[in-house]
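Residue numbers (this note's numbering), protein chains in the order written: chain V, 1 to 391; chain D, 1001 to 1100.
What the hints contain is simulated information worked out from the structure, not anything from laboratory work. None of these values were measured; they are calculated from a predicted model. Treat each hint with caution, since some may be false.
To be verified - Okay, derived cross-link-like pairs now, DSS-like style, lysine-lysine, Cα gap no bigger than 30 Å in a straight line: (1) V:Lys189 <-> V:Lys350; (2) V:Lys350 <-> V:Lys309; (3) V:Lys133 <-> V:Lys171; (4) V:Lys95 <-> V:Lys3; (5) V:Lys151 <-> D:Lys1015; (6) D:Lys1086 <-> V:Lys151; (7) D:Lys1055 <-> V:Lys95; (8) V:Lys12 <-> D:Lys1086; (9) V:Lys72 <-> V:Lys123; (10) V:Lys214 <-> V:Lys327; (11) V:Lys123 <-> D:Lys1015; (12) V:Lys12 <-> D:Lys1015.
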Amino acid sequence: MSKVRVLVGTRKGAFILSSDGKRQNWEVSGPHFAGWEIYHMKGSPADPNRIYVSQTSGWFGQLIQRSDDGGKTWSTPGGAIETGPDGMPKGQSNKFAYDTSNKGKPLTTHQWYDGTQHPWEFKRVWHLEPSLKDPDTVYAGVEDAALFQSKDGAHSWQELPGLRGHGTGPKWQPGAGGMCLHTILLDPKNPGRIYIAISAAGAFRTDDGGETWKPINRGLHSQYIPDPRAEIGHCVHHIAMHPSRPNTLFMQKHWDVMRSDDGGDNWTEVSGNLPTDFGFVVDVHAHEPETIYVVPIKSDGEHYVHEGKLRVYRSRKGGNEWEALTKGLPQKDCYVNVLRDAMAVDSLDKCGVYFGTTGGQVYASADAGDSWMPIVRDLPAVLSVEVQTLS
Amino acid sequence: MIRVELPSHLRTLAKVNGEVRLEVPAPVTQRAVLDALEAQYPALRGTIRDHDTLKRRAFLRFFACEEDLSHESPDAPLPEAVASGKEPFLIIGAVAGGKS
């Protein structure tokens, strides 16, 4: 019988929520890495027992943890005593060193809040995206924004410097949450194509496995930047894609819900009848590529749900026409946020949808959003939610 | 034998209970102690000082013999009481270090 495993990263540790295919009764495991911020955890599609975790702390910096048994045990991949050529232990799983060679074209600064140029400084890993085919290959989106890759199961990391080096880097600037690369989408039909998104620079695409990149922001309109239609500078919050239609992308921007049907070359707004089109999450139904979900947030100044009601909005037409999903969700006095990586879907016959809140609740729907129940109510603030569907 | 006290999160990471004891060749300095610590517990590399610059992370402090040694040169000799193992070298998370 199928099972689902929900991987939850919070401000104070990681939790693993497990259930059978009915998704009614849940076992809660955790906290793992108690007291640490877990920005993201994700399982390998090629080996579901392989799970990667981004573990961070204001005191101790970045760590990468890995499990090879579905979350029962963990290790820091570079943590074994392995002496390098300099006589020091390698210990590189948490070493994210920006590439400074950049083919003779070093890029070392980006735009700071005051408009001056500022050097790149590594802060944390926001998102880990395991390869679709190889359990040992995994991508990391980091702050300050850059894309790293490991081909040895997170023992060591190398930057894919073409992203920062393509020319617009000096115009990138941090959003309120920092200058983070938070979205990584791997095209299942084209191994060379990767989409990424950065706050606040925008969306980018490579078609050659990360060597060269192009900004894909045409059609985005952001009133808070000097040129609202600029090629660079948009605060993209999240992008989602259905694996059967990788040219169609759905974006929750700072304000505006957008879609593209040409691999990001052009975007059109599909906010339609949403009560507010500010938000962070966006996701796609596992079996219906035109059914999408967002959670509208009141505004950029008030990061909580609109009117004190926790409502997921679903469009069955790829946007513009939205319905509020409220059954089982609090409809008064609710002031939580749902952060950009905190929604996911399973791939069971009846698609399950999951999201976590800054109030520590993780909600699940076993009927594509028609009704919801809390799996847990009192976790630390949820930073990320991922789901593994296990056979 | 040098004695080192780690904050609880780093004890968990290093999988140790209580004090860590290290063989450190003379002269016993901050750098020598941290080199020995990271050699014995590689998972700690990058958590106390930056991988590349080897600078102390901003929200950690080094104490010994009731003195704050955080701003001392990493190559300055540590107090004799630390070098002899009479007193521990303390690595402490700053009270105001985290945002949550």
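Do the hints match the structure? See the list:
1. Between the alpha carbons of V:Lys189 and V:Lys350 the distance comes to roughly 24 Å, so the proposed pair stays at or under 30 Å and holds.
2. Proposed proximity of V:Lys350 and V:Lys309 is supported: the alpha carbons are some 26 Å apart, at most 30 Å.
3. Only pairs whose Cα atoms come within 30 Å are accepted, and V:Lys133 paired with V:Lys171 is rejected, the gap being roughly 34 Å.
4. Taking the CA atoms of V:Lys95 and V:Lys3, the gap is near 35 Å; set against the 30 Å cutoff, the hint is violated.
5. Taking the CA atoms of V:Lys151 and D:Lys1015, the gap is near 27 Å; set against the 30 Å cutoff, the hint holds.
6. Of the supplied pair hints, the one linking D:Lys1086 and V:Lys151 is violated, its CA atoms being roughly 46 Å apart against a limit of 30 Å.
7. Taking the CA atoms of D:Lys1055 and V:Lys95, the gap is near 14 Å; set against the 30 Å cutoff, the hint holds.
8. A C-alpha spacing of about 36 Å is found between V:Lys12 and D:Lys1086, which places the hinted pair above 30 Å, so the restraint is violated.
9. Restraint check for V:Lys72 and V:Lys123: satisfied, since their Cα atoms lie roughly 28 Å apart, inside the 30 Å limit.
10. Between V:Lys214 and V:Lys327 the CA atoms are separated by roughly 42 Å; this puts the pair beyond 30 Å, and the hint is violated.
11. Between V:Lys123 and D:Lys1015 the CA atoms are separated by roughly 25 Å; this keeps the pair inside 30 Å, and the hint holds.
12. Between V:Lys12 and D:Lys1015 the CA atoms are separated by roughly 19 Å; this keeps the pair inside 30 Å, and the hint holds.
In summary, the structure is inconsistent with hints 3, 4, 6, 8, 10 from the numbered list given earlier, while agreeing with the others.
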